[in-house]
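Engineer: All chains, please: the whole structure from these sequences, using the hints.
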Amino acid sequence: MPHATPLITILVAGFVLAFIFGTLAQRLKMPPLVGYLLAGIVVGPYTPGYVADQALALELAEIGVILLMFGVGLHFSLKDLLSVRVIAVPGALVQIGFATFLGWALAMLFGWSHGAGLVFGLALSVASTVVLLKALQERRLVETEKGRVAVGWLIVEDLAMVLALVLIPAIAGLSAGGESTGAGQAGGDPLAVWAASLLGLQPGLTVIVAVTLAKVLAFIGFMLIVGRRVIPWLLHYTAHTGSRELFRLGVLAIALGVAFGSAKLFGVSLALGAFFAGMILSESELSHRAAEESLPLRDAFAVLFFVSVGMLFDPMSVVRDPLPMLATVGIIVIGKSLAAFLIVILFRRSVATALIISASLAQIGEFSFILAELGVAQGLLPQEGRHLILGGAIISIILNPLIFLGVEWLRPWLERRFPRDMSEPAEVGTSEKRADEEDDAPPVGMSGHAVLIGYGRVGRVVADHVQQADRPLLVVEDNERRLQELAAGAIAHMAGNGAAPGLLERASIGQAAALFIAIPNAFEAGQIAAQARRLNPGLRIIARAHSDAEVEHLTELGADNVVLGEREIALAMARLFIPAEMRDTMPAP
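Per our numbering, the very first residue in the sequence shown carries number 20; after that it's consecutive.
It should be emphasised that the hints constitute simulated quantities derived from the structure, not laboratory data. Using N, Cα and C, we set each Cβ at its ideal position, and we do this for glycine too. It cannot be assumed that every hint is accurate.
[Unchecked claim] Now the in silico label distances, taken between C-beta atoms and shown as ranges:
1. 435 to 35: 46 to 54 angstroms
2. 70 to 421: 54 to 62 angstroms
3. 585 to 403: 52 to 60 angstroms
4. 594 to 486: 21 to 29 angstroms
5. 565 to 261: 17 to 25 angstroms
[Said to hold, decoys possible] Think about it this way: if two alpha-carbon atoms lie no more than 30 angstroms apart in a straight line, the pair counts; the simulated BS3-like pairs of lysine-lysine are:
6. 234 to 98
7. 283 to 234
8. 234 to 48
Structural biologist: This is how it looks when you write it as C-alpha cells:
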C-alpha cells in the first residue's frame, strides 16, 4: 500500500502546519485562523516547496462547511428561522444588491464587461459561512437574538447564491452573443428545457428563475413534510441499538447524505441541505448528543477550509495591484458592512445587534470562490478579477477578528448617536438585559452569594438545591431561552459568557461565598476558575469534569472541588446495592 497518496499527504500537511502556525498565532495574541491561512499559503502553488492538491483540499473543505452548517441547524429551530424572516429576508437582499452595485461600479472603472461586473459584485456580496459561524460560536452568540438574525441573513444569502450559480451560465451565453433560445440560454439545466418545451415557451432567464425557485421550494417542502418524520426516526432507531459507533455514523450519514442528496436532486447548495437536516433534527431530544458527536469532525474540517483558502492566494498579487486590492477590500469590509448596519437600524433593532451583523458580514469566502471560478470558466470574469476576489477574501478573513474588536470600541459612541428608542423594544417574557444587549453594567451589589455559571441540566439541579437552602444565588447564562426561563422564575441572573473579561467582576465575585462552574467545557471552565481565584483568593470554587485529566486541569487552575460525573454515577449505583450498614465505608459523594 503506497504511503504518499495525495489525500494522506494533504491531510498530514494541512493539520500539522495548521497546528504549528495556529499555535504560533495564539501565542502572538492573534486568532488561530490567521495561522491556518498562513499554513495554506505555505503549501500553496505560489510559495516554494511542497504544493498540495488544491482541488482535493477544496473538496475536504466543503465537508467542513457541510458539518458546520449541520451543527448550526441542530441549534436553530424552524421557529427561530421564521422569527427573523422580517429582517433577514429584506435585509440580506438589499445588502446583496448594494454590494453587487459597488462591485459592478468598480468593475466598470477597470474597463470590464457588465457580466464581469455582475459576477464580481455578487462574489463580494456574500459572506463566508465558516467565518461567520466561527465568529458567532467563539462569542457564544449563535443562540442569541442577533445570532439568529445573522444566521437567517446567511441562509437568505445562500439561497440567493444558489439562484446566481444557475443564472450565470445563461448570462454568459447572452453576453457572448450566443443563441437567443434553446438549451444554451437555459444554462444547461435539463429541467428548465423540459419545462419550457412543456409550456411552449422559450427557455430564457424567466424560465430558469422560475424552475430554480420551484426546486428550492420543493426541497423545503420535502424536508418539512418527509424529513421531519424520517430523520428523527432514523436517529432514534440508531440510538436504540445501544451502539455509540453506529449513532455517530448515523449522525454523519444524515448530515452528508441529506446535503449531497439535496444538491443532486433539488439543485440547492450542500451547506443549505446540511443546515435543513440539522434544523429538522433539532426537534429531537437527541439533538444535543448529535451535536457533541459531530463536533470533533466539524472543527477538524473547518480548519481544512481555511487551509484551502490560503492555498488559493498569491501574496504577490497585493504588491502587483495594491489600489484595486484596496478598493476590493474596502467594498467587503466597509461598503457592505455599513449597508448592513443601516438596514438593521432601520428595522429598529439595537445598535449591538446592528454592529454584530455588520461585523459578521465583513468578509467573503466559499461562495465567492465558486462564483469566481464559474465566472472565469464561462468567460465572464477576467483572471485579474479572480485574484482580487481571493485576495479580498484572505485579507477580510484576517481582519474580521479586528473588526469585532473595533465595533466594540465604537459601540458606546454609536449608542449615543442612535438612542434607545431606535432599537427594538424589549420582548415580553425576556430577561431585563438579554444576551444580545450585554454591556458594561455595574456590579450587581450582592454579597455572600453563590455564583452559578451555566443553567443547563446540571446547573438547574444546583440552583434548586441552593435556593432550597435559602442561600442567595446569581446565575450567569448566555442562552436566551434559558435566560427567559430564569426571568420567568424570578431567579437573579446575568446575561453573558462566564469567561468574558469583566463579567465576574460585575457578578461581584469578590464578595461571593462560592462559585459553581456547571458548564461541560473544561477549557472554558478553567479560564473561569483562574479568573475567579485571582479576584477572590478565599472563594470556594466547585466545578464539574468528565475525566481525571479534566479534574487535574481544573484543580491546578484554582478549583477547590471537582466533581467527576462518571464516578458519582458509579457510586450512586453501588449504594443502591450495598447494604446500609456497609455504606459508611464507601467514599463520600
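Engineer: Identify every previously stated hint that the structure contradicts and give their numbers, smallest first.
Structural biologist: Those not satisfied are hints 2, 8.
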